[in-house]
Amino acid sequence: MPRLAVLVVGVLLGAAVTGGCWLAVSLADGDASPAGEAFGTRGTLTLADSSFSLLAEGEDCIGLDGYSDIQRGAQVNVTGADGTLVATGELEGGKKTALGCEFPFAIEGIPQGSKFYTVEVSHRGGLTQTEDELRSGGLAFTLGND
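Just so we're aligned, residue 1 is where the sequence shown starts under the numbering used here, counting upward by one.
Source of the hints: derived by calculation from the structure; they are not laboratory data. None of these values were measured; they are calculated from a predicted model. By construction, the Cβ of each residue, glycine as well, lies at the ideal position given by its N, Cα and C atoms. There may be inaccurate statements among the hints.
Unchecked claim - With a cut-off of at most 20 Å between alpha-carbon atoms, the simulated SDA-like pairs for lysine to any residue come out as follows:
{"#": "1", "residue 1": "96", "residue 2": "56"}
{"#": "2", "residue 1": "115", "residue 2": "40"}
{"#": "3", "residue 1": "96", "residue 2": "58"}
{"#": "4", "residue 1": "115", "residue 2": "38"}
{"#": "5", "residue 1": "96", "residue 2": "62"}
{"#": "6", "residue 1": "95", "residue 2": "82"}
{"#": "7", "residue 1": "96", "residue 2": "106"}
{"#": "8", "residue 1": "95", "residue 2": "37"}
{"#": "9", "residue 1": "115", "residue 2": "128"}
{"#": "10", "residue 1": "95", "residue 2": "65"}
{"#": "11", "residue 1": "95", "residue 2": "44"}
{"#": "12", "residue 1": "96", "residue 2": "37"}
{"#": "13", "residue 1": "95", "residue 2": "105"}
{"#": "14", "residue 1": "96", "residue 2": "139"}
{"#": "15", "residue 1": "115", "residue 2": "132"}
{"#": "16", "residue 1": "96", "residue 2": "140"}
{"#": "17", "residue 1": "115", "residue 2": "73"}
{"#": "18", "residue 1": "96", "residue 2": "135"}
{"#": "19", "residue 1": "115", "residue 2": "37"}
{"#": "20", "residue 1": "95", "residue 2": "122"}
{"#": "21", "residue 1": "95", "residue 2": "42"}
{"#": "22", "residue 1": "115", "residue 2": "95"}
{"#": "23", "residue 1": "96", "residue 2": "132"}
{"#": "24", "residue 1": "96", "residue 2": "115"}
{"#": "25", "residue 1": "115", "residue 2": "79"}
{"#": "26", "residue 1": "95", "residue 2": "79"}
{"#": "27", "residue 1": "95", "residue 2": "128"}
{"#": "28", "residue 1": "96", "residue 2": "73"}
{"#": "29", "residue 1": "115", "residue 2": "137"}
{"#": "30", "residue 1": "95", "residue 2": "59"}
{"#": "31", "residue 1": "95", "residue 2": "51"}
{"#": "32", "residue 1": "95", "residue 2": "55"}
{"#": "33", "residue 1": "95", "residue 2": "130"}
Unchecked claim - Distance windows between CB atoms, simulated:
{"#": "34", "residue 1": "130", "residue 2": "104", "range": "39 to 45 Å"}
{"#": "35", "residue 1": "133", "residue 2": "97", "range": "20 to 26 Å"}
{"#": "36", "residue 1": "112", "residue 2": "59", "range": "35 to 41 Å"}
{"#": "37", "residue 1": "145", "residue 2": "92", "range": "21 to 27 Å"}
{"#": "38", "residue 1": "82", "residue 2": "58", "range": "38 to 44 Å"}
{"#": "39", "residue 1": "123", "residue 2": "145", "range": "15 to 21 Å"}
{"#": "40", "residue 1": "65", "residue 2": "128", "range": "27 to 33 Å"}
Build the full structure now, drawing on both the sequences and the hints.
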């Protein structure tokens, strides 16, 4: 019987050591990428074009002619300082405003720590922002000649 007791104690001790090692490695990995590492931002793209003047405020609108790529689902990309794509979002549906046709967007999962970020809608060129500027939201793109 004492041999069995020693064996059981040995197995339990081994399991405890293995579990402790696993926990230590898991916590160390957690420190390398803590929760809250990623953040999100919001913004709008406004098409300033007189072709929307016949619409009532709040009506649905989309980009036409040379702006046909600007519509619900158009991709919004965020790249880090090194030019690597780090997050994506998409335009929501456009609504007529006093300024034209406004498309809101939201981007989640932007990793923190880049010196700066560039946000680009479709292929229309980007706005370069610091992390603090992105965290505050309120990005505002404008396309058009009105």
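Hints violated by the structure (listed by number, smallest first): Numbers 6, 8, 12, 17, 18, 22, 23, 24, 26, 27, 33, 34, in rising order.
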